[in-house]
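Build out the structure end to end from the sequences listed, making use of the hints.
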Amino acid sequence: MNQEADEIIAGHDLTGKETIVTGGYGAVGYETAKAFAGAGARVVLAGRDQGKGEAAAAQLRAATGNDKVVFRHLDLASLESVTTWARKHAATGRPLHVLVTNAAVMAGPLTRTADGFESQFGVNHLAHFAFTLGLLPCLRAAGNARVVCLTSSAHRRGDIDYDDPNYERRPYDPWQAYGQSKTANALFSVGFTARHAGDGVTANAVMPGAISSGLQRHLSADDMRARGWDDRSGWKTPSQGAATSVWAAVTPELAGVGGRYLEDCAIATPWTQDGSPPRGHYLPYALDPDNAERLWRLSEELVG
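Residue numbers (my numbering): 70 to 373.
Hints listed in this document are in silico derivations from the structure and should not be mistaken for laboratory results. We treat Cβ as the ideally placed atom computed from N, Cα and C, and that holds for glycine. Check the hints yourself; a few may be wrong.
Just the calculated beta-carbon pair ranges, DEER-fashion [to be verified]:
{"#": "1", "residue 1": "Gly212", "residue 2": "Asp343", "range": "40 to 50 Å"}
{"#": "2", "residue 1": "Pro178", "residue 2": "Thr84", "range": "36 to 46 Å"}
{"#": "3", "residue 1": "Thr338", "residue 2": "Arg181", "range": "18 to 28 Å"}
{"#": "4", "residue 1": "Ser345", "residue 2": "Gly373", "range": "30 to 40 Å"}
{"#": "5", "residue 1": "Asp136", "residue 2": "Arg181", "range": "38 to 48 Å"}
{"#": "6", "residue 1": "Arg348", "residue 2": "Pro206", "range": "36 to 46 Å"}
{"#": "7", "residue 1": "Asn71", "residue 2": "Lys157", "range": "36 to 46 Å"}
Shown next, in the form of structure tokens:
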């Protein structure tokens, strides 16, 4: 049975805690932010759409009675925006207890970020890579801080092409590009934890499940039917999708634990058999330490 975000947060008091949720004004991000706000945390919604962000912050303040919910503009398609945002936040000196890198784009046509990266790899991975590292002083200051990286079962669509991650030479495939970016999100949690667990900061990857959201905006009705997505009766609600993100942020089970792939409020297991992995499983390359190290070096090189 799918759990709801409010079930997971029940009994947790986040008063005095600082949280940031990228893409926190839509679907899973909104429900994640709502759970944090309802538990008393200060919640920063970070995203590109000023109108939606301000409206969501107002709705969350009204729904939870928590006036410490704010929106701050962040353009993940621009490293300048990402690094400037992180630097300004770090300058406040506020410890950051939970960072949820929730925002993403999926299966769109080939476009590039302001810095020339293929948009899915650039927005979903590289921007969050730079953003998290820019906020590292705040995470360290919190002590026992957690980073929650949204990944997807779409990581099964492909490992990382380390020689051409931005489709400068190979033919572009929107779904393979999305899968690559989601593999990168999972590997980031491994590389980050390896480097910073000793600082009291860990990261885990979260597979939220199939949820109707803005992620499908690039898909036509024919695309949805071809994938069997016109019948969404088995899909999770946004609150159910947010449950694992909230669990990753607050459960005592993950204290000091990072580099895991989480699904359905549990630690998933690797799938080494033939065929498509069932729920609660991931392909081993998505958490492989050597892959994580290789991706980390590549990401450092690309973001400078």
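How the hints compare with the structure:
At roughly 44 Å, the beta-carbon separation of Gly212 and Asp343 lies within the given 40 to 50 Å, and the hint holds. For Pro178 and Thr84, the hinted distance range of 36 to 46 Å is satisfied, since their beta carbons lie about 45 Å from each other. Hint check: Thr338 to Arg181, Cβ distance near 36 Å, so the stated range 18 to 28 Å is violated. For Ser345 and Gly373, the hinted distance range of 30 to 40 Å is satisfied, since their beta carbons lie about 38 Å from each other.
Between Asp136 and Arg181 the beta carbons are some 39 Å apart, a value that agrees with the proposed interval 38 to 48 Å. Take Arg348 and Pro206: their Cβ atoms lie about 37 Å apart, and the range 36 to 46 Å holds. Look at Asn71 against Lys157: about 38 Å separates their beta carbons, and that is inside 36 to 46 Å.
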